[in-house]
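Each residue of the sequence shown is one higher than the one before, starting from 1 at the first, in the UniProt record's numbering.
No wet-lab data here; the hints were simulated from the structure.
Remember, it's a predicted structure, so these values are computed and weren't measured experimentally.
Fair warning: there could be bad hints in the mix.
List time: in silico BS3-like cross-link candidates among lysine-lysine, alpha-carbon distance up to 25 angstroms [claimed, not checked]:
hint, residue 1, residue 2
1, 19, 6
2, 6, 39
3, 46, 31
4, 31, 83
5, 39, 83
6, 31, 19
7, 19, 46
8, 83, 19
Label pairs and their computed distance ranges (CB to CB) [to be verified]:
hint, residue 1, residue 2, range
9, 81, 45, 17 to 23 angstroms
10, 119, 141, 32 to 38 angstroms
11, 41, 20, 21 to 27 angstroms
12, 24, 86, 25 to 31 angstroms
13, 139, 58, 32 to 38 angstroms
14, 4, 65, 27 to 33 angstroms
15, 124, 33, 24 to 30 angstroms
16, 90, 137, 29 to 35 angstroms
17, 132, 55, 24 to 30 angstroms
18, 45, 88, 20 to 26 angstroms
19, 1, 42, 33 to 39 angstroms
20, 78, 113, 32 to 38 angstroms
21, 119, 45, 35 to 41 angstroms
22, 28, 77, 33 to 39 angstroms
Note that CB positions come from ideal geometry on N, CA and C, so glycine has one too.
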Amino acid sequence: MQYEIKELPEVRVAYLRYKGAFGPAIGEFWKEVFTPWQKAYGLLGKVTYGVAQDDPATTPAADCRYDACVAVSPDYPIQAPAKEAHLPAGRYAVAAFRGTGVEVAAAWGAFYRQLQADGVAADGVCFERYPADYAMDPASGIFQAELCVPAR
């Protein structure tokens, strides 16, 4: 998997948390919960992020946490049920992903193994970054995102 090292700025986000097994249920969470919330608060058409807070290889499925996030301005008033977080600025290895929700888990695994082998991976928050014009093909389930991992 090809990647670039990029300096990314800090991003203030509003997020809703999903808790449970990773996989297709996260896509349903975006569709049924997060996107309607975005629409209700006028946040469609903004860059969004997916942040896995736990490693499903070491955390029981029922305890895995995933945050669906949207970039907001410094003065945007975040209201419940959303919460505020900040994605840290820094050096990130960034790889383009195109595929389905089922395929993204394997892509993450391959990407992270490659970064470890290259001696690039650093500790910190990993996330998926979705463009402001994000769209999933309804027939195939294919979407595009950037996989972002802290880099040395």
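- Is residue 6 within 25 angstroms of residue 39, Cα to Cα? Between residue 6 and residue 39 the Cα gap is close to 30 angstroms, so the pair fails against 25 angstroms, i.e. violated.
- Message: Range first: 21 to 27 angstroms. Now tell me if the beta carbons of residue 41 and residue 20 are that far apart.
- Response: For residue 41 and residue 20 the Cβ distance comes to about 24 angstroms; the hint holds.
- Message: I want to verify a distance hint. Is the separation of the beta carbons of residue 24 and residue 86 within 25 to 31 angstroms?
- Response: 29 angstroms, holds
- Message: Given the hint of 20 to 26 angstroms, is the C-beta distance from residue 45 to residue 88 inside that range or not?
- Response: 24 angstroms, holds
- Starting from the range 32 to 38 angstroms, see whether the pair residue 139 and residue 58 falls in it by beta-carbon distance. 35 angstroms, holds
- Honestly, do residue 4 and residue 65 meet the 27 to 33 angstroms range at C-beta? 28 angstroms, holds
- Query: Is residue 39 close enough to residue 83, meaning Cα to Cα at most 25 angstroms?
  - Reply: With Cα atoms ~16 angstroms apart, residue 39 and residue 83 stay inside 25 angstroms; holds.
- Message: Need the status of pair residue 46, residue 31: alpha-carbon distance at most 25 angstroms?
- Response: Holds: residue 46 and residue 31 sit about 16 angstroms apart, inside 25 angstroms.
- Given the proposed pairing of residue 31 with residue 19, does the C-alpha separation stay at or below 25 angstroms? Between residue 31 and residue 19 the Cα gap is close to 15 angstroms, so the pair holds against 25 angstroms.
- Query: Within 33 to 39 angstroms or not, the Cβ separation of residue 28 and residue 77?
  - Reply: Because 28 angstroms falls outside the window, the suggested range is violated.
- Could you say whether the range 29 to 35 angstroms given as a hint is met by the Cβ separation of residue 90 and residue 137? 32 angstroms, holds
- Message: Tell me if the straight-line CA distance from residue 19 to residue 46 falls inside 25 angstroms.
- Response: This hinted pair holds, its Cα atoms lying about 24 angstroms apart.
When held up to the earlier numbered hints, the structure conflicts with 1, 2, 22 and fits the remainder.
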